[in-house]
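Chemist: Single-letter residue listing:
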Amino acid sequence: MTGRLFRLAWRQMNVQLHVRIFNLYSLLLFFMQPAIFSCVGMILSKAAGQERPDLVYTVIGGGMLGMWSGLIFTSTFDINRDRRDGTLELIVASPTSLGVVEAIRTFTNVISGLVSMVAAFVVAILIFNYSLSDTNILGALVSLVVILFGMWAIGVFLANFLAWSRLSGSLVEFLEIPVALVCGFMYPIWILPDWMQAISKLVPIRWALEAFYAALLGEQDLGFLWKRWSAALLLSFIFWISARWLEGKVHDHIRVTGEMSSI
Amino acid sequence: MIRSIVRYLRLYIIQAWFAYRALFAWSTPFNYLVSKFGFTFFSMLLFVFIGKYVGLDNPVYIIIGNILIIPATNGVSGISMTVGNERRFGAMSYLLGSPAPRAPIFLGRGLFHILDSFVTVAVALPVAIWIFRLDTSDTNFFLVLLCVLITSFTTSGMGFVLGSVSLVSRDGWMITSTLSLSLFILVGANFPVDSLPAFLQPISYSLPMTRGIMAARAALDGAGWTSISSLVCVEILIGLVYITLGYIMFRLLERQSMVSGSLDNL
Chain S
1 MTGRLFRLAW RQMNVQLHVR IFNLYSLLLF FMQPAIFSCV GMILSKAAGQ
51 ERPDLVYTVI GGGMLGMWSG LIFTSTFDIN RDRRDGTLEL IVASPTSLGV
101 VEAIRTFTNV ISGLVSMVAA FVVAILIFNY SLSDTNILGA LVSLVVILFG
151 MWAIGVFLAN FLAWSRLSGS LVEFLEIPVA LVCGFMYPIW ILPDWMQAIS
201 KLVPIRWALE AFYAALLGEQ DLGFLWKRWS AALLLSFIFW ISARWLEGKV
251 HDHIRVTGEM SSI
Chain H
264 MIRSIVRYLR LYIIQAWFAY RALFAWSTPF NYLVSKFGFT FFSMLLFVFI
314 GKYVGLDNPV YIIIGNILII PATNGVSGIS MTVGNERRFG AMSYLLGSPA
364 PRAPIFLGRG LFHILDSFVT VAVALPVAIW IFRLDTSDTN FFLVLLCVLI
414 TSFTTSGMGF VLGSVSLVSR DGWMITSTLS LSLFILVGAN FPVDSLPAFL
464 QPISYSLPMT RGIMAARAAL DGAGWTSISS LVCVEILIGL VYITLGYIMF
514 RLLERQSMVS GSLDNL
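Protein chains in written order, with my numbering: chain S, 1 to 263; chain H, 264 to 529.
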């Protein structure tokens with residue numbers, strides 16, 4: 001059983017990575033869009049009279065945006081592409097559930113999104129001389145893993161909506177910038193009005209991201225980091241459990257109504 | 264003569280209407296509104312908060328700039344998709360095989376996108392003025408609307424060029440998206456063009472929208488026609504250059520595809 005699952009995971013990831021690598025749109029999502037948003041941040045910073053941009057929020061925040069955009073678009077495109085190519089019906093009808101397939105695909109998408117973060121660090125270090133000397137590296141790495149888990153949980157949750165209806169595509173894509181906005185991808189969360197901060201408390205990425213940026217800025221207080229990791233993990237599990245529940249509902253719905261290809 | 268003109272006009276308007284409807288035919292009103300306003304509105308808020316964090320106290324520049332850049336959604340992405348999708352959905356071969364005149368067919372792709380852009384900005388701008396309590400006591404609204412209309416028209420030129428590019432490249436959408444995003448930096452939507460590095464400023468001034476946005480900002484601040492006329496005239500000129508370039512590219516690609524049969528193979 002475990003062997004079969006690993007074989008499935010390996011083959012699915014292999015195909016998924018090939019699709020990602022040979023799709024030039026990934027270049028836009030992982031590199032171009034984050035670079036453009038970072039450039040806007042840097043030029044605004046210069047226009048405000050600052051000699052040097054804030055590397056953590058402006059440059060590495062751009063990498064975070066790339067990871068998120070990559071995930072949100074690939075998760076939607078994967079199912080829409082299946083629907084367009086006629087393979088969605090085959091996956092739904094196969095003994096392996098759509099949920100398992102989506103979990104593996106989303107995991108691959110999240111991991112491949114790391115390339116955006118790596119690029120942001122390379123730019124920050126090589127071009128802007130960003131120093132890691134004050135960074136809590138272990139804290140940052142743990143936070144990054146928690147962020148990845150949070151993104152994965154949200155990805156598998158949202159994938160259900162795409163399986164339910166192609167019209168959900170716009171709704172899911174619509175979440176790209178709002179989530180970046182309320183989670184403070186490119187600025188500290190305290191900049192936001194209180195009501196936006198309250199909304200962001202429901203998103204696991206917000207907590208893990210707060211810990212990640214704090215660790216990059218040298219936060220050593222384990223209590224501070226633990227609180228945020230715990231909140232992020234708890235919310236991620238809630239998303240994951242909701243995704244499992246939704247999966248059953250959507251699976252039944254599209255089989256009973258036969259609406260999978262028509263809506 | 265008159266019959267010929269009527270035929271051209273009919274073809275132009277019918278093509279324009281169907282091309283516009285076809286792009287959004289699959290969509291619900293919600294999807295349509297999201298595609299129109301969603302990315303632009305939330306990007307604007309993101310830039311406002313980035314600006315606030317780096318120390319810019321007044322977000323008005325960013326808000327107005329991001330409203331004035333809305334025509335790029337229709338003018339660049341919409342028109343480019345309309346032209347590029349002809350090939351994707353297999354309609355291009357039939358279109359090229361028909362004896363219909365090319366100019367109304369190609370240029371018709373832009374008409375409703377231009378009108379849509381204009382109406383969108385004309386609605387969004389007063390809303391922003393009302394929400395952010397902007398001082399419009401000196402504003403010349405007629406000139407502002409004229410600048411918005413001209414910018415909507417000139418932006419379509421870039422859409423025609425990119426639409427032609429998408430006929431020869433499967434990755435046309437990626438190129439279009441990248442250039443659309445680059446406009447956030449290049450046309451002075453979020454900061455004055457003078458803030459750009461020196462090597463980017465000539466690129467900025469060679470693009471549609473840059474002068475249109477500058478003129479609209481000046482008109483909002485109360486500038487008269489004499490102050491902005493040179494900006495508006497050069498903006499129109501640049502738009503015409505891009506539209507002509509797009510049309511020439513389309514005709515060249517058409518001719519090339521007739522010889523090589525390569526259009527549907529790419």
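One should not assume that every hint holds.
The list that follows gives simulated cross-link-like pairs (lysine to aspartate or glutamate, EDC-like), each with its CA atoms no further than 20 Å apart [to be verified]:
| id | chain 1 | residue 1 | chain 2 | residue 2 |
| --- | --- | --- | --- | --- |
| 1 | H | K315 | S | D54 |
| 2 | H | K315 | S | D194 |
| 3 | H | K299 | H | D379 |
| 4 | S | K46 | H | D320 |
| 5 | H | K315 | S | E51 |
| 6 | H | K299 | S | E173 |
| 7 | S | K249 | S | E89 |
| 8 | S | K46 | H | D457 |
For each label pair, taking beta carbons as the anchor points, the in silico distance ranges come out as [stated by the list, open to error]:
| id | chain 1 | residue 1 | chain 2 | residue 2 | range |
| --- | --- | --- | --- | --- | --- |
| 9 | S | I127 | H | C496 | 37 to 45 Å |
| 10 | H | L515 | S | P193 | 51 to 59 Å |
| 11 | S | I199 | H | L296 | 14 to 22 Å |
| 12 | H | L515 | S | R4 | 53 to 61 Å |
Calculated from the structure, these hints are not laboratory results. Remember, it's a predicted structure, so these values are computed and weren't measured experimentally. Here a beta-carbon is modelled for each residue, glycine too, at the ideal position from N, C-alpha and C.
Chemist: Taking each numbered hint in turn, which are not upheld by the structure, reported in ascending numerical order?
Modeler: The structure conflicts with no hint, since it agrees with every one listed earlier.
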